[in-house]
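Chains as they are written, first to last, in full-length UniProt numbering: chain P, 1 to 346; chain X, 1 to 346.
Since the hints were made in silico from the structure, they are not lab data. Keep in mind that the hints are not guaranteed to be accurate.
Copies of the same chain are indistinguishable here, so a pair counts whether it falls within one copy or spans any two.
[As the list claims (entries may be wrong)] Using 16 Å as the maximum straight-line C-alpha spacing, the simulated EDC-like pairs for lysine to aspartate or glutamate come out as follows:
1. 156 to 180
2. 275 to 286
3. 127 to 158
4. 309 to 319
5. 47 to 191
6. 123 to 219
2 protein chains.
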Amino acid sequence: MPSIVPNNRLVFNKVPTGYPVPGETTRIDTNEKIDLDAPLNGGVLIKVVVVAIDPYLRGRMRDASIKSYAPPFLLGEPITNFGVGLVIRSENPNFKQGDRVYGTFEFQKYVIKHDTSNLIVLKNEEKLPWTAYLGVCGMPGQTAYIGWKLYAQAKKGETVFVTTAAGPVGSNVVQIAKSEGLKVIASAGSDEKVEFIKSLGADVVFNYKKKDTLEALKELGHGIDIYWDHVGGKMLEDALSAMNDFGRIVVCGAIAGYNNDKPYAISNLHYVLTKRLTMHGFIVLDLLKDHIQEFYSEYPKRITSGQVKHHEQIYKGLEGAEQALLDTLKGDNQGKPVAVLSEEDL
Amino acid sequence: MPSIVPNNRLVFNKVPTGYPVPGETTRIDTNEKIDLDAPLNGGVLIKVVVVAIDPYLRGRMRDASIKSYAPPFLLGEPITNFGVGLVIRSENPNFKQGDRVYGTFEFQKYVIKHDTSNLIVLKNEEKLPWTAYLGVCGMPGQTAYIGWKLYAQAKKGETVFVTTAAGPVGSNVVQIAKSEGLKVIASAGSDEKVEFIKSLGADVVFNYKKKDTLEALKELGHGIDIYWDHVGGKMLEDALSAMNDFGRIVVCGAIAGYNNDKPYAISNLHYVLTKRLTMHGFIVLDLLKDHIQEFYSEYPKRITSGQVKHHEQIYKGLEGAEQALLDTLKGDNQGKPVAVLSEEDL
Numbered sequence: 001m002p003s004i005v006p007n008n009r010l011v012f013n014k015v016p017t018g019y020p021v022p023g024e025t026t027r028i029d030t031n032e033k034i035d036l037d038a039p040l041n042g043g044v045l046i047k048v049v050v051v052a053i054d055p056y057l058r059g060r061m062r063d064a065s066i067k068s069y070a071p072p073f074l075l076g077e078p079i080t081n082f083g084v085g086l087v088i089r090s091e092n093p094n095f096k097q098g099d100r101v102y103g104t105f106e107f108q109k110y111v112i113k114h115d116t117s118n119l120i121v122l123k124n125e126e127k128l129p130w131t132a133y134l135g136v137c138g139m140p141g142q143t144a145y146i147g148w149k150l151y152a153q154a155k156k157g158e159t160v161f162v163t164t165a166a167g168p169v170g171s172n173v174v175q176i177a178k179s180e181g182l183k184v185i186a187s188a189g190s191d192e193k194v195e196f197i198k199s200l201g202a203d204v205v206f207n208y209k210k211k212d213t214l215e216a217l218k219e220l221g222h223g224i225d226i227y228w229d230h231v232g233g234k235m236l237e238d239a240l241s242a243m244n245d246f247g248r249i250v251v252c253g254a255i256a257g258y259n260n261d262k263p264y265a266i267s268n269l270h271y272v273l274t275k276r277l278t279m280h281g282f283i284v285l286d287l288l289k290d291h292i293q294e295f296y297s298e299y300p301k302r303i304t305s306g307q308v309k310h311h312e313q314i315y316k317g318l319e320g321a322e323q324a325l326l327d328t329l330k331g332d333n334q335g336k337p338v339a340v341l342s343e344e345d346l
Numbered sequence: 001m002p003s004i005v006p007n008n009r010l011v012f013n014k015v016p017t018g019y020p021v022p023g024e025t026t027r028i029d030t031n032e033k034i035d036l037d038a039p040l041n042g043g044v045l046i047k048v049v050v051v052a053i054d055p056y057l058r059g060r061m062r063d064a065s066i067k068s069y070a071p072p073f074l075l076g077e078p079i080t081n082f083g084v085g086l087v088i089r090s091e092n093p094n095f096k097q098g099d100r101v102y103g104t105f106e107f108q109k110y111v112i113k114h115d116t117s118n119l120i121v122l123k124n125e126e127k128l129p130w131t132a133y134l135g136v137c138g139m140p141g142q143t144a145y146i147g148w149k150l151y152a153q154a155k156k157g158e159t160v161f162v163t164t165a166a167g168p169v170g171s172n173v174v175q176i177a178k179s180e181g182l183k184v185i186a187s188a189g190s191d192e193k194v195e196f197i198k199s200l201g202a203d204v205v206f207n208y209k210k211k212d213t214l215e216a217l218k219e220l221g222h223g224i225d226i227y228w229d230h231v232g233g234k235m236l237e238d239a240l241s242a243m244n245d246f247g248r249i250v251v252c253g254a255i256a257g258y259n260n261d262k263p264y265a266i267s268n269l270h271y272v273l274t275k276r277l278t279m280h281g282f283i284v285l286d287l288l289k290d291h292i293q294e295f296y297s298e299y300p301k302r303i304t305s306g307q308v309k310h311h312e313q314i315y316k317g318l319e320g321a322e323q324a325l326l327d328t329l330k331g332d333n334q335g336k337p338v339a340v341l342s343e344e345d346l
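Could you build all of it, start to finish, from the sequences and the hints given here?
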């Protein structure tokens, strides 16, 4: 086997105005090479096995001068996101050949990591498929579990409303809420997704493309104690209208705003006062240091026991990654999208 | 002294469309009488000495079919609000003649209370003027002290922005924040108010009628960690733009919306997510049960020691009460407005 091999990668090529365009806003660069036998200078050589695709990546595909919570992608540089990799060779005593590691990776065949502060060796005693560490036990599961624990202040018998409930975070929230004895109202954008959410145990599920959200909430005849918001915009406004006094709004996404230049303006924010609401915006990355160990010790066993079901959509290669990003922003995916870059190591 | 005497009162007469109109949306009813010697059936006969005037009263002057956090006033019935009364006669063992009581009173010369659950006998060991129990030690002071304690999560060296900072709540928030070592940015609607707020120790104060709020915040060159919101609407939007990551927004008023049929729509609520903000709406009434004893043991002594300054505007009689309500909604008052109904008992 030659030691110098191609190191194909997915590069950020142009800032999208609306949805990203495969081949235009991103492109596959096949010119890059890597010498697998070269000294690592204390680093770790990792083969990227699978990467996660998340809606928030759209927010990083921006002009680099615009500030936001996640750093912008740089034009000509690879897209990056959470992934699972396989250690090929290591000059760092904390990692050894054959280790599976979770962390942030370039969308590229091989990477060399010197800063290993965000790499975690996955023990996987539960023998979950590695893709699960990007979905139900990855950022989406972490978001649902940690955000719910810290901000929902849920009490048995209360009602929670979850939007994009068929999504990777939403489907976890639905199941966590049911396991704690709440009534779950959920919405999604296709009948197929509606059926999937029902199969997770949600009490009332509707297709927001066929039924107005506010009308659907009103028909239920009672209010919402917790709104788990992935969307923002009009749906947040509708939820504000339907909130009960002392309700909690947990904001972990604003997908409605990701592809729009002109954001929807919310005219009923006074309900925060009159209904004495609490609203928490959070990004799970800020919370991992204090909560990831508890998560890893608690959540994977809910998967193996069958208490938490999950649903993945597997895309193949860098072309798959491009398509997956578009699909997840359009809501065309079913379940957590992941892109497998090395099938033989899955 | 005849036992049957006039019992003049201020009656809710018509739902205002914008600002209330003295003599039209409220009117003084001079036909009511009371027999001061009649049996009380276990009640307490109280002379109303002074009542508070607050912006939230406008919200109660609504069509009774509209739900909101505070009950609507009923047409033909008296306006009510917090006040201090003097017990004239009591058939309830918890109250005796001469007691000063804090609670909710009709805007009326005399009232008979059977439900005494919200009446508190004021010991007033600090010998504060009774009017102080409606302002700096009344609902406004309670709102500032308890809301700050529960929701601001203030750390020394942080920056707080307070709107309507010359108002009864705002002026307390400014002083509490300074006493805890924060930088205080404040705004108000007149140069006179700006000077008053400066005299309370605020670091940067501007007149929002002369200077755009967002521009003023930008000029300061750094963000806000805590926004204390009395206003909502455009000012809340401006504050959202200027918030630092992990900022807290404490919402205890929405005066911008009280007199407008069409509320201002907020287009940057996505900052709640991207800046990981927390927003708390609260009404201090919900919190009194757990926190009023601590408040009464802690706050009055800050007044007598001079640590907290306060400022009242005293209106006289029921006519004064009507005018005070209009002034406070227009922002024409200076300091906490109170209406004295019985000068000889002050």
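How the hints compare with the structure:
1. Within a single copy, residue 156 and residue 180 get their C-alpha atoms as close as 6 Å, which meets the 16 Å cut-off; across copies the closest is 39 Å, which misses it.
2. For the homomeric pair residue 275 and residue 286, the shortest alpha-carbon distance between copies (11 Å) is at most 16 Å, but the shortest distance inside one copy (29 Å) is not.
3. Taking CA atoms no more than 16 Å apart as the test, residue 127 paired with residue 158 passes in neither setting, with 35 Å inside one copy and 47 Å between copies.
4. Neither within a single protomer nor between protomers do residue 309 and residue 319 lie at most 16 Å apart by alpha-carbon distance, with minima of 28 Å and 67 Å respectively.
5. Taking the shortest Cα distances, residue 47 and residue 191 never come within 16 Å of each other, neither inside one copy (38 Å) nor across copies (65 Å).
6. With identical chains, the CA atoms of residue 123 and residue 219 are never at most 16 Å apart, being 47 Å at best within one copy and 51 Å at best between copies.
Consistency note: the structure conflicts with the earlier hints numbered 3, 4, 5, 6.
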